[in-house]
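With the hints as extra help, turn the sequences into a complete structure.
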Amino acid sequence: MEIPAIVGGGLVVIGAGIGIGRIGGSALEAMARQPELTGKIQTVMLIAAALIEGIGFAALFAL
Amino acid sequence: MNNIKTVSFIATLILLVSCLNFAFAGEQELKTDTDRDIRKEYKAFKDHHLKDIHSFKLFKYKKEEKTVYVSFPLPVIIYCQGKLDVFMSSKFYNHKNKRVEFKVDDRIYKIDDHEHIKARNNQGEPLSLLDLSITKNVAFIILAFFIMVVVFGKMAKSYNSNPIPSGVGRFLEPIVLYIRDDIARPNIGEKHYKRYMSFLLTVFFFIWFVNLFGLTPFGSNVTNSIAVTASLAILTYVITTFTANKNYWGHIFWMPGVPTPMKIILAPIELLGTIIKPFSLMIRLYANMTAGHVVLMSILGLIFIFQNWLGGTLSFGLAFALALLELLVCALQAYIFTMLSALYFGAAVEEHHHEEH
Chain Y
104 MEIPAIVGGG
114 LVVIGAGIGI
124 GRIGGSALEA
134 MARQPELTGK
144 IQTVMLIAAA
154 LIEGIGFAAL
164 FAL
Chain G
-6 MNNIKTVSFI
4 ATLILLVSCL
14 NFAFAGEQEL
24 KTDTDRDIRK
34 EYKAFKDHHL
44 KDIHSFKLFK
54 YKKEEKTVYV
64 SFPLPVIIYC
74 QGKLDVFMSS
84 KFYNHKNKRV
94 EFKVDDRIYK
104 IDDHEHIKAR
114 NNQGEPLSLL
124 DLSITKNVAF
134 IILAFFIMVV
144 VFGKMAKSYN
154 SNPIPSGVGR
164 FLEPIVLYIR
174 DDIARPNIGE
184 KHYKRYMSFL
194 LTVFFFIWFV
204 NLFGLTPFGS
214 NVTNSIAVTA
224 SLAILTYVIT
234 TFTANKNYWG
244 HIFWMPGVPT
254 PMKIILAPIE
264 LLGTIIKPFS
274 LMIRLYANMT
284 AGHVVLMSIL
294 GLIFIFQNWL
304 GGTLSFGLAF
314 ALALLELLVC
324 ALQAYIFTML
334 SALYFGAAVE
344 EHHHEEH
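Residue numbers (our numbering), protein chains in the order written: chain Y, 104 to 166; chain G, -6 to 350.
Calculated directly from the structure, the hints in this document are not laboratory data.
On a predicted model such as this, the values are computed, not experimentally measured, just so you know.
Every residue gets a Cβ at the ideal spot worked out from N, C-alpha and C, and that includes glycine.
Careful, some of the hints might be misleading.
Cross-link-like lysine-lysine pairs, in silico, BS3-like; alpha carbons within 30 Å at most [to be verified]:
no., chain 1, residue 1, chain 2, residue 2
1, G, K184, Y, K143
2, Y, K143, G, K270
3, G, K50, Y, K143
4, G, K103, G, K50
5, G, K76, G, K39
6, Y, K143, G, K39
Calculated from the model, a selection of chain G residues having no Cβ within reach of chain Y, i.e. all distances over 12 Å [stated by the list, open to error]:
no., residue
7, Y241
8, V251
9, T283
Okay, here's the thing in structure tokens:
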């Protein structure tokens, strides 16, 4: 049986979702612990999220 | 004044590069089924909506069993066989709104379903051409260019007489300062950041403005075209490559602080990385904006698929919420593009003392 490519795409998106979720959660914890670093944490969080997001889109475009 | 010149230069460059429409070979679809399929019809409408077209379609209405289209044409500029042909795209249609061929000297032009222009000569042989047309996207890029020149030119002049900005400048000044103090300074460094400010500001406001145009009715989603995002990413790549110092190249070709066999393995990977970085910039912006519009259009399409009050209400509410989210995404994508560009510039001009590691 052949597995359609969209299943792989879905798996990658699930992975990317978990990754971004973890980044967001960790950033939230870090910000709660050190509110004075909120700006810096936010910047790093957005960059990391954007990089993972890129992988998700690359998978969708490879379909 | 020098900054304004740089800004206009960069905007013109973006304009020129993105004019080159990527040509794809498209085949004509045969319509065999005569019964109406709403889903298919809506899908075709959605796909067409997301495309860059040669005319400005406003709306259509039915009058005495006939559909009347209200649109106005945009100029078509074609470079073919060493000659430049300029005419309006309305020449491709007759008064009944059917596609017709248009002849200039011995070159016959035709437009297909996918809005691609094909050329052939009198003998029917296909000719290669370069499409430099002012399409809907290009028209909106020009609009964004003029808005930026007028708004920021006025804003820059107002500082000569009064250090406090007035009008729209009051809204834009904090954003400019944010880009300087929170994006450029920490990422590029105190010493070099001024060199990159004009590019970062231009690219931020350009992406932001064209993304917002994409959300207006009748507006075209400019960043939906991979040619536009590619030209923006190429600019980042060119600036990174040509302003890089010897530390940057040293990091790529001879990574300090690792054993020699590792250096040989790392060099091609690092070299590939310099190309992957702008490539991911291109894909990110393009995919984010396209995905946003596809989702928005799909949810609006639920109205036509459900065809009852429940589906309509649900669809409207969801579409409204998503449109608000898109407003945020517009600014966020502009911010991320600027941020990552600044990061890459920062890596290019960084000065390190690796002996201490």
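Beyond 12 Å from each Cβ of chain Y, as asserted for T283 (chain G): The claim breaks: T283 (chain G) does not keep its Cβ more than 12 Å from every Cβ of chain Y (closest is about 9 Å).
Restraint check for K50 (chain G) with K143 (chain Y), where alpha carbons must lie at most 30 Å apart: 45 Å, violated
30 Å limit on alpha-carbon distance, applied to hinted pair K184 (chain G) and K143 (chain Y): 20 Å, holds
Given pair status - K50 (chain G), K103 (chain G), alpha carbons within 30 Å: Holds: K103 (chain G) and K50 (chain G) sit about 19 Å apart, inside 30 Å.
Distance rule for Y241 (chain G), whose beta carbon must clear each one in chain Y by more than 12 Å: 19 Å, holds
Interface exclusion of V251 (chain G) relative to chain Y, criterion Cβ beyond 12 Å: The claim holds: V251 (chain G) sits with its nearest Cβ about 23 Å from chain Y, beyond 12 Å.
Proposed proximity, K39 (chain G) with K143 (chain Y) (alpha carbon, max 30 Å): Roughly 40 Å between the alpha carbons, so the hint for K143 (chain Y) and K39 (chain G) is violated.
Restraint check for K143 (chain Y) with K270 (chain G), where alpha carbons must lie at most 30 Å apart: Satisfied, since the Cα-Cα distance of roughly 22 Å is no more than 30 Å.
Hint consistency between K76 (chain G) and K39 (chain G) [alpha-carbon to alpha-carbon, up to 30 Å]: 36 Å, violated
Violation of the numbered hints given earlier is confined to hints 3, 5, 6 and 9; the remaining hints are satisfied by the structure.
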